[in-house]
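Colleague: Read top to bottom, the protein sequences are chains A and B. Heads up: the first sequence begins at 19 in my numbering, then just goes up one per residue. Heads up: the second sequence begins at 28 in my numbering, then just goes up one per residue.
Hints listed in this document are in silico derivations from the structure and should not be mistaken for laboratory results. Note that CB positions come from ideal geometry on N, CA and C, so glycine has one too. Any given hint could turn out to be false.
[What the hints assert, rightly or not] Anything over 10 Å on all C-beta distances counts as not near chain B; from chain A, calculated:
| hint | residue |
| --- | --- |
| 1 | Asn-95 |
| 2 | Glu-214 |
| 3 | Asp-282 |
[To be verified] Below, computed lysine to aspartate or glutamate pairings styled on EDC-like, alpha-carbon distance capped at 20 Å:
| hint | chain 1 | residue 1 | chain 2 | residue 2 |
| --- | --- | --- | --- | --- |
| 4 | B | Lys-141 | A | Glu-184 |
| 5 | B | Lys-37 | A | Glu-184 |
| 6 | B | Lys-74 | A | Asp-275 |
| 7 | B | Lys-32 | A | Asp-144 |
| 8 | A | Lys-290 | A | Asp-21 |
| 9 | B | Lys-163 | B | Glu-52 |
| 10 | B | Lys-141 | A | Asp-275 |
| 11 | B | Lys-74 | A | Asp-282 |
| 12 | B | Lys-57 | A | Asp-21 |
| 13 | B | Lys-37 | A | Asp-142 |
| 14 | B | Lys-37 | A | Asp-282 |
| 15 | B | Lys-32 | A | Asp-142 |
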Amino acid sequence: MGDISNRYAIVGIGESERSRKSGTTPLHMALVAARNALQDAGLEAKEIDGVMSYSTGDSCSSHQLATYLGIRPSYVNDVMGGGSSTEMLIADAVGLIEAGLVKTVLIWRSMNGSSGKKVGRGYDPDMIQEAIDGGSFIIPYGSASPSQWFGMFATRHMYETGITREHLGHVCVDFYEHAQRNPKAFLNGHPLTMEEYMETPYISYPFTKHDCCVELDEANAIIVTSAERAKDCKSKPVYIMGISARECHPHAHYWSDLTQVASDYVAPQLYKSAGVQPSDIQVASIYDCFSWVVLRQLEAFGFAPRGEVGDFVAAGNLRIGGSLPTNTAGGMLSEGYTHGMNNVLEIVRQIRHEYKGTDRQVENCEIGICTGWAGPDIAGAMILRN
Amino acid sequence: MAYQKPIPLKNQDNKPYWDSADKHELSIQKCDSCHKYQHPPGPACSKCGSPKLSWDSFGNEVYGTIYSYIISYRPFLPGFQDDLPTVIAQVELEGLPEIKITGNVLNCNPDEVKIGMDVQMFWQDINEERALPQWKLR
Ligand SMILES: [Zn+2]
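For reference, chain A alone in the conformation it holds in the complex (with noise of 0.2 Å):
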């Protein structure tokens, strides 16, 4: 892709109810969010020409959104893919929109994930050990679960950088707090404290249920267009200034060489295609399916080196009012799981001052990042400005 800064735009953002059993079909959820972005952005359905989507196998297809919003888009593609996929279908949208194969495209994710099918209940052990490449080295010893992978990870490198459980604690409290300002956070009116967080009992050590991510039903919709269609939506765009996704180490679940993560290499070209640096960033949302790969990514992203994030954080730089404001919806760890999608919406929204006037907006926020991780495997992540 040739110097595509500042020339596409987020025009629409939208998203269902959020719950832990929505009683209702992923096909209806998706719609429900991507009406909501269309009325964001002030297009009819008709004006979408792409359709684009992700799922690990429990969602619907892009067609049959097509289908019920009505509209014959020219471009559908679903792809299998996790936590990077939102910035890879953005980046893949960019160049279809580029190349003159489509004007506007709305990306979307659905999940059951909550009430529908996953790891432990539901799926047989022996299919997901077919499913995972190598699986057979890791299910007979019991690792089925992404908080007992992720927490392999960072036990190592707590080891390695001195990180402690307090600075695991300081993400999760601050993030929380968060939440306690987004009626719309799944965790609204569950404050957490430190010494709430030290005292709850480990799911897999080094994690709580508060390390990790809660998986909700919830449906998150985008749409991107060019800055120049940008002008006729009613929305304010949020522009591109670079974004850049990377592929690294083999096996997911099987990470052994903690030197690395697709991350580190992702960083460099995003800030050397958006022209700016990590300390030119005003907001943040950092992709948060465990409090640790929050930690491991700001080193990778440069916010601090490698250890001495966990002063970072323990200085309060991921607070409102922080250096370094993160995930100011409460993020996967409070606000909901959409395998990172509801991260986008509220870095659109900060660029926006959609929150002017009240306690949830980070003041003359004009540059954010966002970042999708999906585990030490591949990365995506985006540059965004006001």
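Knowing the structure of chain A, use the given hints to seat chain B with the ligand on it.
Modeller: Just chain B with the ligand, lined up with the frame of chain A:
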């Protein structure tokens, strides 16, 4: 009582590893092109893409150190509910540090497990045909 936990499934790529394990022997896949070892094994070398692979035996006296670990307090799979908390570790092989093998550290106090501890592989016979490589503190 019959073994309740998942049993390793053999497939085209991992069969030599599990066939060896059943005979109480550790085998690791090696690339004939770049001469690097890899684990988990695969249909080609994950470092250079070469399909020329072979297997090296490391016998039945296998030592290592704990590279990382978690302590699982919930059973995410059937059969583990009676063995909580479960220590799941990645073990760095002695003499082959690029290889890490996941296993349980058995017969230990989970709270005493630490990164860097010396461990030894042993084979847990899980039924008449199959054996599972496991670890014990040294
Ligand atoms: Zn090779």
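Colleague: Next step is simple, just say for each hint if it's right about the structure.
Modeller: Quick rundown of the hints versus the structure:
| no. | hint | verdict |
| --- | --- | --- |
| 1 | Asn-95 | holds (27 Å) |
| 2 | Glu-214 | holds (18 Å) |
| 3 | Asp-282 | holds (18 Å) |
| 4 | B/Lys-141 / A/Glu-184 | holds (19 Å) |
| 5 | B/Lys-37 / A/Glu-184 | violated (42 Å) |
| 6 | B/Lys-74 / A/Asp-275 | holds (13 Å) |
| 7 | B/Lys-32 / A/Asp-144 | holds (10 Å) |
| 8 | A/Lys-290 / A/Asp-21 | holds (11 Å) |
| 9 | B/Lys-163 / B/Glu-52 | holds (16 Å) |
| 10 | B/Lys-141 / A/Asp-275 | holds (18 Å) |
| 11 | B/Lys-74 / A/Asp-282 | holds (19 Å) |
| 12 | B/Lys-57 / A/Asp-21 | violated (42 Å) |
| 13 | B/Lys-37 / A/Asp-142 | holds (16 Å) |
| 14 | B/Lys-37 / A/Asp-282 | violated (35 Å) |
| 15 | B/Lys-32 / A/Asp-142 | holds (12 Å) |
Consistency note: the structure conflicts with the earlier hints numbered 5, 12, 14.
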